[in-house]
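Each protein sequence line maps, in turn, to chains P and R. If you're matching positions, the first sequence starts at 2 in our numbering and goes up one per residue. If you're matching positions, the second sequence starts at -2 in our numbering and goes up one per residue.
Because the hints were derived from the structure by calculation, they are not lab data. Honestly, I wouldn't trust all of these hints.
[Claimed, not checked] Rough simulated footprint, nothing fancy, chain P against chain R, three-plus residues with beta-carbon under 8 angstroms: (1) 94 to 105; (2) 153 to 160; (3) 173 to 186.
The structure displayed is predicted, hence computed values, not measured ones. C-beta: ideal position from N, C-alpha, C; glycine also.
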Amino acid sequence: MTTLQLQINGRAVSAAGDATVLEAIRSAGLQVPTLCHLDGLTPVGACRLCLVVIEGHPKLEPACVTAVADGMVVHTHTPELDTYRRMAVELFFAEGNHVCAVCVANGACELQAVAVEVGMDHSRFPYQYPRRQVDASHPLFSLDHHRCILCTRCVRVCDEIEAVHVWDVGYRGSSCSIIAGLDQPWGEVAACTNCGKCVDVCPTGALFRKEDGSGEKQPHPERAHQLVEARTEHHWHNQ
Amino acid sequence: MTLATPPKLRFATVWLAGCSGCHMSFLDLDEWLFELAERVEIVYSPVASDIKVFPEGVDLCLVEGAVANADNLELALQLRARSKVVVSFGDCAVSANVPGMRNLWAGVEGGSRQSVLKRGYVELADTGAQHPHAPGIVPELLERVLPLHELIPVDHFLPGCPPSAERIRTFLEALLRGEAPPMEGPAMLGFG
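Pulled out of the complex, with its shape left as it was, chain P reads as follows (with noise of 0.2 angstroms):
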């Protein structure tokens, strides 16, 4: 594997040929905020908390899907790129429902932790207050659209990971939401196996466990890349 020489923030970093900018950040010790990556699914550039700028591009690029090439230079936080992660975030609370007060994840939110690494203290664009529903059909689980940010890790966790292509994303615009099976109540999905992998790496309130109250949903975000090594790595067969 050939290895490219790249600068961050002024920084001599280097990444391996088939590496993203963000693995390449990362791998350097620094930060920038994302919520719809996730380790070991892959990668989709959906959020665009990650955007960074690059000199030579043109736009601002999403550091999760974009690869690095040698000599790159790049820029993880200008005021630029502050002004517009803060105005994503404020977005995401002015597009949803997103009342943390009575929402399961609070407290062990992405969204609510990214708002507070942005600096957010409140949102400049009017909320919006969507009418949405909530499926309760699931027998262990349930989905409050209320509180989905499109992300789509339940979609790539159960499609990649579970292999079973429970969740997709239907309609278009400011409709847009997640679907199970063919846009059905998620309780009348046979295919789904109650695996809860989708529960497990949501970011936010929208994918719960039904025992879990306001406050009490304990996500783990890990699994998807726990599995996917274990799988690569056989741990089970050296156990």
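Dock chain R against the given chain P, drawing on the hints supplied.
Quick look at chain R alone, frame taken from chain P:
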């Protein structure tokens, strides 16, 4: 020779559409309230005075709660006109939070105002179901519950449901020193 004591800040706290949790958290400041009382004169507050009319010439005003009815709106406009510094105090003031959840019904027949009154006073009533209607006594609901900054200019935001006493103290200490509050990191930011 005696040193002149600095003039006390004229301090107010207001309770709009909220649960009073932010004021309870304010009272959790415990003995630091004595220190605060040496620095400020409380000229209006639901928990520290019995004054009914928001006074003129307020230096610092903490506002708990969203703007949900005609009385909230009138008081919000009044406190802005009469205060130098206005603080959105807690998630309801900052984001409309739980009171704002009735806005989900803004687009249905009758709107959020009728929907919430019908549910609360008619559908769930055991006896004597009727819409509350007493003009001049029971304030009319606004069609949408709004965070404070969508109606009046707000100088500072202090999020949290409620903001902890520690967060309130750090915030007020900075303002009393004439500094901008250090609104960074999980100790000072975060809804919920």
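Each hint tested on the structure:
1. 94 to 105: Check passed, 10 qualifying residues.
2. 153 to 160: Satisfied; 4 residues make the cut.
3. 173 to 186: holds (count 5)
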